[in-house]
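Visitor: Residue strings, one per chain:
Number of protein chains: 4
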Amino acid sequence: MLRKIGRDLPKIQRFASFAVEKPPRDASLVTSPDQLRPFAQRIWSDVREFINEECIPLEQKFLAQEFSEDRWKVLPEMDELKAKAKSAGLWNLFVPYNIDENMEYGRGLTNLEYAFMAEEMGRCLLGSEPFNCSPPDTGNMEVLIKYGTEDQKKQWLTPLLEGKIRSCFGMTEIAVASSDATNIESSIVSDGDDYVINGRKWWTSMSLHPNCELCIFMGKTDFNASRHLQQSMILVPMNTPGMKIIRPLTCYGNFDAPGGHAEVDFSDVRVPKENLLVGEGMGFAIAQGRLGPGRIHHCMRLIGNCERSIELMKERLRNRVAFGKKLSDQGVWKERVGLSRVETDQARLMTLLAAHKMDTVGAKVAAKEIAMIKIIAPNVAQKVVDRAIQAHGAGGMSSDFLSPHS
Amino acid sequence: MLRKIGRDLPKIQRFASFAVEKPPRDASLVTSPDQLRPFAQRIWSDVREFINEECIPLEQKFLAQEFSEDRWKVLPEMDELKAKAKSAGLWNLFVPYNIDENMEYGRGLTNLEYAFMAEEMGRCLLGSEPFNCSPPDTGNMEVLIKYGTEDQKKQWLTPLLEGKIRSCFGMTEIAVASSDATNIESSIVSDGDDYVINGRKWWTSMSLHPNCELCIFMGKTDFNASRHLQQSMILVPMNTPGMKIIRPLTCYGNFDAPGGHAEVDFSDVRVPKENLLVGEGMGFAIAQGRLGPGRIHHCMRLIGNCERSIELMKERLRNRVAFGKKLSDQGVWKERVGLSRVETDQARLMTLLAAHKMDTVGAKVAAKEIAMIKIIAPNVAQKVVDRAIQAHGAGGMSSDFLSPHS
Amino acid sequence: MLRKIGRDLPKIQRFASFAVEKPPRDASLVTSPDQLRPFAQRIWSDVREFINEECIPLEQKFLAQEFSEDRWKVLPEMDELKAKAKSAGLWNLFVPYNIDENMEYGRGLTNLEYAFMAEEMGRCLLGSEPFNCSPPDTGNMEVLIKYGTEDQKKQWLTPLLEGKIRSCFGMTEIAVASSDATNIESSIVSDGDDYVINGRKWWTSMSLHPNCELCIFMGKTDFNASRHLQQSMILVPMNTPGMKIIRPLTCYGNFDAPGGHAEVDFSDVRVPKENLLVGEGMGFAIAQGRLGPGRIHHCMRLIGNCERSIELMKERLRNRVAFGKKLSDQGVWKERVGLSRVETDQARLMTLLAAHKMDTVGAKVAAKEIAMIKIIAPNVAQKVVDRAIQAHGAGGMSSDFLSPHS
Amino acid sequence: MLRKIGRDLPKIQRFASFAVEKPPRDASLVTSPDQLRPFAQRIWSDVREFINEECIPLEQKFLAQEFSEDRWKVLPEMDELKAKAKSAGLWNLFVPYNIDENMEYGRGLTNLEYAFMAEEMGRCLLGSEPFNCSPPDTGNMEVLIKYGTEDQKKQWLTPLLEGKIRSCFGMTEIAVASSDATNIESSIVSDGDDYVINGRKWWTSMSLHPNCELCIFMGKTDFNASRHLQQSMILVPMNTPGMKIIRPLTCYGNFDAPGGHAEVDFSDVRVPKENLLVGEGMGFAIAQGRLGPGRIHHCMRLIGNCERSIELMKERLRNRVAFGKKLSDQGVWKERVGLSRVETDQARLMTLLAAHKMDTVGAKVAAKEIAMIKIIAPNVAQKVVDRAIQAHGAGGMSSDFLSPHS
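Residue numbers (UniProt numbering), protein chains in the order written: chain C, 1 to 406; chain S, 1 to 406; chain A, 1 to 406; chain E, 1 to 406.
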């Protein structure tokens, strides 16, 4: 299979060499992958094939490890998956064309084009890691590409882009409503050539991953500045003294291993001044820019989640007989599948529009659509996934039906 | 105002002369009127201006007549409105480019382009009549354009296109579930040079209009043919002996005057054979083709309905104080306005996609999207309109808030 | 039939003579009419029979008049209906036992017992008028029973209890959010032996009824008193100079004739001081006590509305075939009927509990349940009625299916 | 505390000695625990106190163990909790009065009375196990009380009632839709003095518990009998050769340890004929009777779940500030708490009515209400719990907020 995916890499590269250009402000909306430019279309179908043939077959093993004592180890097959995806050119797809004009970092895809890839990645439990497109690394890499110094890039961006290390983002705090970033209470205090960091973070996703080596930390350098100029971002290596993982958090009883979500304490953590990003007081601005694309990725993965749920639901309904009739022939189930299709397709259109506006008129104008998909996609996913669970009876609560029973 | 709307009619014509061409199969989706080709954009903004300046100010008068004894008369201003719209080139906009290559009948708009106009028309209670775009005439004219003989066109299509007469469509029957057209029981029996028609129809919209002169009647010419070849369509002048309006039907107590919805009896109604459309047994096929565009028009008008409701809701919320605070500053109302925006924008995207597929890949492929918008748009409208009503308190049930109180 | 309903009136009276006693504070909840004490059970089944046999057969006629020019006249049969109900002892049932210890005014029913009657009345479009249980008379009579002087009672309560006149309640104002009664702006100014009234009311229900002779008017006697002591209530005969019906309001295009809802202007309307209820500043307190029972009545009538809708829906589903199968055998419709049953039964239980608490622990403690049913019952009715409409196809929008087609 | 709960055990016993009598068919509905007879009221308040003071403080420890490698062990404190509850008379409360006239097994509570206790048990994650009221033991004990021989009772019922062993119920099969019990495919074949059992079960809850010693197994003794006479139930000790736990199943990634839900294989499992319950072909009838009370228990526990969620949600809202205002002062959250109250109270009323009908008119008549609560309670719980999660932000996904942070 891999041969097939990688079959015409040189040709793809060639396509790419003239493919990157900003879509015009009034460009119309691509609503289906076969309307993408050939270069992106090829990547999309390669990603889809890779997911179906390489990743989905590993889901049961991935889950079994997650439910076992080995959960904090990386899936043994992950390194090979990443190597394959990389060699097939399916790597760092998330880096948007507009911060990567020479395709130094990624493949020069637009936000819209990558949205279609993200949907595919959301169809599989292994997610976007095989493609080095997994959060929070994606957001962290974007930040480093846009704001990192040459030294910062060399030390952190390069290994991240190569998939050699993982990273986390220390923003949410246990004591305050951190959805409003101005509430943040952690301090970053200048002391000679260093900054000294104190604070308590939680929901620091990926911090438990064995390869996690960097935390981009958000705190306040000036509690007296105006509200949006108090925050700064700083690079903190994971092994810095004073930094301590308190505990893994659970999501409905699951650890989301091996990345997990930790509560992390920072007590007099000292890092050199050159670790600061951009400058003091720039934290809020960096954070704002960081969240938009991530929301689109999350929502498209949720759409992929819905699509997979519909696939599984339909398969079950075709194969299950109750009260003398196939479930797929029963009106209530036709209605539920129909509603799932209606809701998923609507959510996709709006998410694509958000990505498209990001590409054509910029993040600021796209803010309205991004706010809308944050409401739409999770609510739709909750409904569609719930219907798929119900279609499987008690079995829907287990993970048996992800792939054909072995 | 009219001067402004009609200001550059010759220029529009000129644009138009080279504007009609089929969008390619893989065209991407126009999601906003300012992405339309300049010709269509101009018509759209003229339609919007016409609605806002000419039609909305008449709403209260229109409603007052509807609730009075004069309801079965045409609104006195309607003829003038139609004349203005016609002279401004805002006429027969619904005729799609693909059945009107030489722009003989309409303006050569695509289904997608007209969808944007239909949304605007849906913002006003007077609807699409001023633009001669009102159902069921629109569907009837489409049928005549596509299937009418020269004689049929001359007798019926011409006055319809000129807005001189109105027409109705006799399909739904009281005795059977007519959403399945194969259930229809009315008979069209050959007798010498004539056909003799018997049956009972209801929900025959527009049949009560003083200018209604034609009924396109659907019945069975052969009860023994295969299921989809039993039906035929035939032209029946409204004054044909044996045809009798039994009564107007009410919609939640309203007559929808002056067009109304009647129960109509056909007893030995005799029309000449040349009144048959296409041929015996072609009724089902004609009906199928007739419904798709109409559904898109209906759904886009519902979107317009939602938009108007949101406008009125927001105006009310800004101007009403309760419990010591403007309603617009209260969280519950922010949430309701937000949801209305989310639902309306999603419904619009899907309806535009249906119209776009109609243009690019044809009605057959678009069937899925058309089926989806039939579910989506009415449900969204019900929710959005209900919220707007609630925002107005008891007053929301009245028609006081359609326009500024005089 | 009437003979049967009135068959044992003396016996009922006898039951009644020892039946009125306050339910203990910890009484458990009667959830079904056959658990009522025999006296109330008998009245309930008589009311039900009266509705089914005397009232429902008149619905089509009632509606036809409502949609005609005769709408502002009383239904010709109404007087006879009222006479029959009165002679059968089905009269003024709403007067609660606790303000009517000697059964001077009504039948000594509890709020809970009357709730079951109100449900039955809600099953029919003619509503509660035949039983002299129709708002706003009910609330007005309650107010007069509790707070009226002997003279006020003689002049207004007696003819109201006899069903000879109707009355309205002037509270809601066009200019302010009147759901908060402290917002009211109308003035009641002392001037010698009179009060002089100025203000503009709307949604003054029943004010258009040909027999309406009294308005209980709420306004402010002291704009400087503390918030809840500014309001007073005063009796205003409908023919008082300066009082003017401005126009009937419409509810979704209907007039709710013959009672209607009017906008009413009061300009220097002068009434003698003895028309004031209780005393200056007591208006808010009276209003608070007035609304609780009315909300229970409204909600139970809505439950009755739901029950009737379910009856009609089930009848339709049993008799309609679509796509080769009876609708009642199709899963989607089974689900919709099931949900309607579930929602209606839950709403009834909560409304009964509200009435029961009113009886056992008083209006103040019952306030929470009364607030809940205000949310529940209208929302449930909206869903159940909508499903019944859908089950009837287009016909569901008309009023054809209220009773067997004639 | 325990002293207080057990303070007047003799007095309770005395109450009880004359308290057991069947409620009359037309009894009205107790809707609040303070309307219960004093005996039941006392038990209810003791259960509530026990939950609050003994069980809730152990929740965090219980969860920590569930998420650890020790999950398959019984919580160390459980034995002591059970001993305390037993000595306080809070033991085997589920046994309904009508199968326990001499209070040989339980406390002679009605289904309605126990419903209130079950609600309290549902407020705590430890559930009903401390009170020996935990499924599937409860259903199994009921079956043994009603249908067990003296020998069967001695061997299995006695240790179950004493809380010394646990049990499971082998009904659901992996291959067929087991919600229809007639689909069951496992076989129970007579062979000399034994029955030989073959089949594959899953979702066999409690089968992994270290104390689980008995499986009540459902299979078919006669595949050719009429549909409802094919099934039989038989007692299978857990250590019987041929019976094999295949694996624990997960519920959304959790094991529900230590009871768990297993897939269990039965290959030529041989048990003596006297292990059969009642007789061949009685399995379906026994199963039908077994499910009704269990559904009420489940639903009332879900109501308790909702109540706990509302408590936690309100506490959070009072203590959290966002965007400059306490969450509890923000309209959207007032609405969400209000809806949660409305939905929970309605669900409780209907569940109580189901229990009440079970007591007064029997399981057959109560079937409609039992069917309704199966729809209502889980749907309400899903909504209420979701709102409580949202109120806690990301923290809502964790288990941190179950009890005050330590």
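Warning: the hint list may mix true and false statements.
Derived list of chain S stretches under chain A, where covered just means 3 residues or more per stretch with a C-beta under 8 Å from a C-beta of chain A [to be verified]: (1) 136-144; (2) 281-293.
In silico DSS-like links for lysine-lysine, alpha-carbon gap of 25 Å or less [unchecked claim]: (3) S:Lys314 x S:Lys383; (4) A:Lys383 x E:Lys325; (5) E:Lys314 x E:Lys326; (6) S:Lys84 x S:Lys73; (7) E:Lys326 x E:Lys383; (8) S:Lys334 x E:Lys325; (9) A:Lys73 x S:Lys374; (10) E:Lys326 x A:Lys368; (11) A:Lys368 x C:Lys326; (12) S:Lys314 x S:Lys334; (13) S:Lys374 x C:Lys334; (14) S:Lys84 x C:Lys374; (15) A:Lys244 x A:Lys314; (16) S:Lys86 x S:Lys153; (17) E:Lys325 x C:Lys383; (18) S:Lys326 x C:Lys368; (19) A:Lys314 x A:Lys73; (20) C:Lys374 x E:Lys73.
To be clear, the hints were calculated from the coordinates, so they are not data collected in a lab. The structure displayed is predicted, hence computed values, not measured ones. The beta carbon of each residue, even a glycine, is placed where N, CA and C say it ideally should be.
Visitor: The structure should be examined with respect to each hint, and the outcome stated for every one.
Guide: Against the structure, the hints come out as follows:
no.	hint	result
1	136-144	violated (count 0)
2	281-293	violated (count 0)
3	S:Lys314 x S:Lys383	holds (15 Å)
4	A:Lys383 x E:Lys325	violated (35 Å)
5	E:Lys314 x E:Lys326	holds (11 Å)
6	S:Lys84 x S:Lys73	holds (20 Å)
7	E:Lys326 x E:Lys383	holds (23 Å)
8	S:Lys334 x E:Lys325	holds (16 Å)
9	A:Lys73 x S:Lys374	violated (42 Å)
10	E:Lys326 x A:Lys368	holds (23 Å)
11	A:Lys368 x C:Lys326	violated (47 Å)
12	S:Lys314 x S:Lys334	holds (10 Å)
13	S:Lys374 x C:Lys334	holds (16 Å)
14	S:Lys84 x C:Lys374	violated (45 Å)
15	A:Lys244 x A:Lys314	violated (47 Å)
16	S:Lys86 x S:Lys153	holds (20 Å)
17	E:Lys325 x C:Lys383	violated (31 Å)
18	S:Lys326 x C:Lys368	holds (23 Å)
19	A:Lys314 x A:Lys73	violated (34 Å)
20	C:Lys374 x E:Lys73	violated (42 Å)
In the structure shown, a violation is registered for the earlier hints numbered 1, 2, 4, 9, 11, 14, 15, 17, 19, 20, in ascending order.
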